[in-house]
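Which chain is which? The protein sequence lines are A and B, in order.
Those letters in the first sequence? Residues 1 to 370, by the numbering used here.
Those letters in the second sequence? Residues 1001 to 1302, by the numbering used here.
Since the hints were derived computationally from the structure, they do not count as laboratory data.
Check each hint, because a few of them may be wrong.
[To be verified] For lysine to aspartate or glutamate, the following EDC-like pairs were computed, each having C-alpha atoms within a straight-line distance of at most 20 Å:
1) Lys1244(B) to Asp1211(B)
2) Lys1093(B) to Asp36(A)
3) Lys279(A) to Glu257(A)
4) Lys112(A) to Asp1083(B)
5) Lys1185(B) to Glu1058(B)
6) Lys1093(B) to Glu40(A)
7) Lys1057(B) to Asp1171(B)
8) Lys112(A) to Asp1171(B)
9) Lys38(A) to Asp1099(B)
10) Lys35(A) to Asp1103(B)
11) Lys56(A) to Glu115(A)
12) Lys35(A) to Glu1092(B)
13) Lys1194(B) to Glu1058(B)
14) Lys1030(B) to Asp1211(B)
15) Lys112(A) to Asp1148(B)
16) Lys38(A) to Glu1092(B)
17) Lys1093(B) to Asp338(A)
18) Lys1244(B) to Glu1208(B)
19) Lys1194(B) to Glu1053(B)
20) Lys35(A) to Asp1235(B)
21) Lys1035(B) to Glu1207(B)
[Claimed, not checked] Selected chain A positions facing chain B (in silico; Cβ < 7 Å):
22) Ala32
23) Gln45
24) Ser51
25) Ala77
26) Gly81
27) Thr196
28) Ala207
29) Val208
30) Ile244
By construction, the Cβ of each residue, glycine as well, lies at the ideal position given by its N, Cα and C atoms.
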Amino acid sequence: MNAVPDAMAPDAMAPDAMAPDAMAPDAMAPDAMAKDWKGETYYGQASLKPSPFDWKIAAYVYIAGIAGSSQIVATLADRLGDGRDETIVRNGRYLALAGALAGPPLLIADLKTPERFYNMLRIYRTSSPMSFGSYILTGFGLASGLTALGHMAGERRRDGSRSGLRRAADMAQVPAAFLGAGMSTYTAALLSATSTPLWAAAPRAMAVQFGTSAMATAAAALSLGEQVAGDPGNCRRLDGLAAIAAAGELVASAVAERRQREAGVGQPLREGPIGAGYKAGALALGLGVPLACHAVNALSKRPSRGLSVLGSLAILAGGMVMRQAVFQAGNRSAERPDEYFRLTRREPEGTSPRRRVDRDLAARGARRLP
Amino acid sequence: MGVHPRALDYAESFPNGVIPDESELTCGTKIVPGKSYGFFTDTTLCIGCKACEVACKEWNGLPADNLGLTGHSYDNTGDLGADTWRHVAFVEKIGSGGDRARDMAPFQSNWLMMSDVCKHCANAPCLEACPTGSIFRTEFDTVVVQQDICNGCGYCVPACPFGVVELSAADGKAHKCTLCYDRLKGGLEPACAKSCPTDSIQFGEVEELFDRARQRVESLHEKGATDAYLYGAPDTPGATGGLKHLNAFFLLTDRPEVYNLPAAPTRASGRVRPSFLTGLAAMAGLTLAAAALMSAGRGGDR
Ligand code: SF4
Ligand code: SF4
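Let's have the full structure, built from the sequences with the hints guiding it.
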């Protein structure tokens, strides 16, 4: 601390009293702020509150991803397939509906005042993924319900024509697929739009990570369905899709980790039991094993059923581990003030929202009362 | 500040009824709906008496949350939370080598004290995150949680860049400082500011507080305390990343982190668009890949 009045005394804190050219960064920075932050925190006390989300929300993110992406695959199989993909279409639609049905109970169980869950649909807010996500889930549930019920009631007729119910189901599938894309990835935006260091450091990479994982798990689940139905050709195509998505997830995970490292956050995802679980469960088992299995199968003339099933199961398990690890590590990182302060020494990605929710202080003349 | 002339009209010990616009007498500010009100917390004046913590708990009927000792100087509350809406931080400045510091900056002890509170951010991340609309902006430009709407989703908790709002285990709803919404409606100064014996907490119209605060910084600098700066006023630390300014802002004399404040907090909602659009783009790419695979003839053995 400096007791001698400084010639450079930054009276810049009164900007109106200053000539504009004196607003250079040096003049703006008062002595205390100019001092570099050397890692001191307030008794190591957390500066943030960790999210109250637990495994239920992580499980929801996983299920929402499988359901959303299944609907996409089912829709593509119905529109582009050659008619031998009926099981993919059916399983995809059922999976989508099952996910849409399993999601709300998990979300509601996580509310601390669950009897008021319906307040979620009281307003609509683009700045809150929790808000618009509720509408995505509702719309996806309705559309997926239509596709699945239509499918259940009206299987394709022998002559190839479709019943009225089935046609209604087919009409609902395109909007359902669009909402499915939202289901697969809005949850990443939900985590990134917080102050939690780990989640806030890599909003873009994490969105790709969640989206690709959603597609990989959906393809893996549908591939297992084809194994049951005994259609190796379909398995092969779905395994190919799972492998492409898993490869994308591998790249996205690497990019996310690099972003987090650069921002000086994310130690909990690399160290300790959570880090070990993430590396072994999400990366090695969830991505490494299936990529290897599917690669061997793709190269061999006679693809092995065992390898395909193993790859699919590994993807499904890895996807769940990935969500849980990212959740736990994020909550842990919020409790570490040094991680948060390193992140907030510089402005991270995407800090200037284009849409203002609140009005300007100055422009607030006559305002409506709430 | 002298006595307000209107004070003479209410000289009796037991006023018979509520004094209209009492805030005019206690802090020289008349509370009018439609204007912006907030706190200027001048940490150089804080003596760590915790009158604000107690006054807040009393007025708002908040339970005691920790009857033990944290061992962190005189700070027994630890942090802001569902039951603590004002929190006095005690930073003991140790000298070199773990010794007591011997030189002191003018007008300072080697103890920094700061009464922390919800910042009532101009672009409040908690409000932007709340999916039920239970967090709203009042007619006094403050940020309040409506307890009868909150469903305890907890999304506001990680959204706040200052770790202020918290879910209460007792009732499953989010709680934080309301800037004494009920008192403002009745023309009363917030309890913490009214109880502060040193005027470290000043309540008033935000623009007026900014002027007052800038003058205070200038005068401190003139006196040699060149460390003083504002946190949360427009274009100062704390008012970064789209937050614009904080309706409850601070005068500090050390780095923000020392007081447990982030130097450049961000507005969480700024990450919705980049994240969501990138995710959708990835899904579009995957859909194309899937479309190619689905329309291609069946490979292999059929
Ligand atoms: S400090 Fe936190 S709780 Fe207070 S208004 Fe800002 S975001 Fe909301
Ligand atoms: S916990 Fe309550 S106040 Fe917070 S975001 Fe959810 S509904 Fe809104």
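So, going through the hints one by one against the coordinates:
1. For the hint linking Lys1244(B) to Asp1211(B), the alpha-carbon distance of about 16 Å falls within 20 Å, and the restraint holds.
2. This hinted pair checks out: Lys1093(B) and Asp36(A) have alpha carbons roughly 16 Å apart, not beyond 20 Å.
3. A distance of roughly 12 Å separates the Cα atoms of Lys279(A) and Glu257(A); the hinted pair therefore holds under the 20 Å criterion.
4. Annotation: proposed proximity of Lys112(A) to Asp1083(B) holds, straight-line Cα distance about 16 Å (limit 20 Å).
5. Restraint check: the Cα-Cα separation between Lys1185(B) and Glu1058(B) comes to about 18 Å, which is no more than 20 Å; the hinted pair holds.
6. A threshold of 20 Å between alpha carbons decides the hint, and for Lys1093(B) with Glu40(A) the separation of about 11 Å falls inside it, so the pair holds.
7. Distance restraint check for Lys1057(B) and Asp1171(B): the Cα-Cα separation of roughly 17 Å lies within the 20 Å cut-off, and the hinted pair is therefore satisfied.
8. In summary, the hint linking Lys112(A) to Asp1171(B) is supported, as the alpha carbons are separated by about 8 Å, within the 20 Å threshold.
9. A threshold of 20 Å between alpha carbons decides the hint, and for Lys38(A) with Asp1099(B) the separation of about 19 Å falls inside it, so the pair holds.
10. Between Lys35(A) and Asp1103(B) the CA atoms are separated by roughly 18 Å; this keeps the pair inside 20 Å, and the hint holds.
11. Straight-line distance between C-alpha atoms of Lys56(A) and Glu115(A) comes to about 17 Å, which keeps the hinted pair within the 20 Å bound.
12. The suggested pairing of Lys35(A) with Glu1092(B) holds, with an alpha-carbon distance near 18 Å, which does not exceed 20 Å.
13. Restraint check for Lys1194(B) and Glu1058(B): satisfied, since their Cα atoms lie roughly 13 Å apart, inside the 20 Å limit.
14. Taking the CA atoms of Lys1030(B) and Asp1211(B), the gap is near 17 Å; set against the 20 Å cutoff, the hint holds.
15. Annotation: proposed proximity of Lys112(A) to Asp1148(B) holds, straight-line Cα distance about 13 Å (limit 20 Å).
16. Of the supplied pair hints, the one linking Lys38(A) and Glu1092(B) holds, its CA atoms being roughly 16 Å apart against a limit of 20 Å.
17. For a cut-off of 20 Å, the pair hint linking Lys1093(B) to Asp338(A) stands: about 19 Å separates their Cα positions.
18. The straight-line distance between the Cα atoms of Lys1244(B) and Glu1208(B) is roughly 17 Å, inside the 20 Å bound, and the hint therefore holds.
19. Only pairs whose Cα atoms come within 20 Å are accepted, and Lys1194(B) paired with Glu1053(B) is accepted, the gap being roughly 12 Å.
20. Simply put, Lys35(A) and Asp1235(B) have alpha-carbon atoms about 18 Å apart, close enough for the 20 Å limit, and the pair holds.
21. Distance restraint check for Lys1035(B) and Glu1207(B): the Cα-Cα separation of roughly 10 Å lies within the 20 Å cut-off, and the hinted pair is therefore satisfied.
22. Because the closest C-beta pair between Ala32(A) and chain B is about 4 Å apart, less than 7 Å, the hint holds.
23. Against a cut-off of 7 Å between C-beta atoms, the interface hint on Gln45(A) holds, since the closest Cβ of chain B lies about 6 Å away.
24. The beta carbon of Ser51(A) comes within 4 Å of a beta carbon in chain B, closer than 7 Å, and the hint placing it at the interface holds.
25. Using the Cβ-Cβ criterion of 7 Å, the hint placing Ala77(A) at the interface with chain B is satisfied: the shortest such distance is roughly 5 Å.
26. Checking Gly81(A) against chain B by beta carbon gives a least distance of about 6 Å; that is within 7 Å, so the hint holds.
27. Checking Thr196(A) against chain B by beta carbon gives a least distance of about 5 Å; that is within 7 Å, so the hint holds.
28. A cut of 7 Å between beta carbons decides the hint on Ala207(A): the least distance to chain B is about 3 Å, and the hint holds.
29. Look at Val208(A): its Cβ gets to within about 4 Å of chain B, closer than 7 Å, so that hint holds up.
30. With a cut of 7 Å, the hint placing Ile244(A) at the interface with chain B holds, because the nearest CB-to-CB distance is about 5 Å.
This entry satisfies every hint, going by the numbered hints stated previously.
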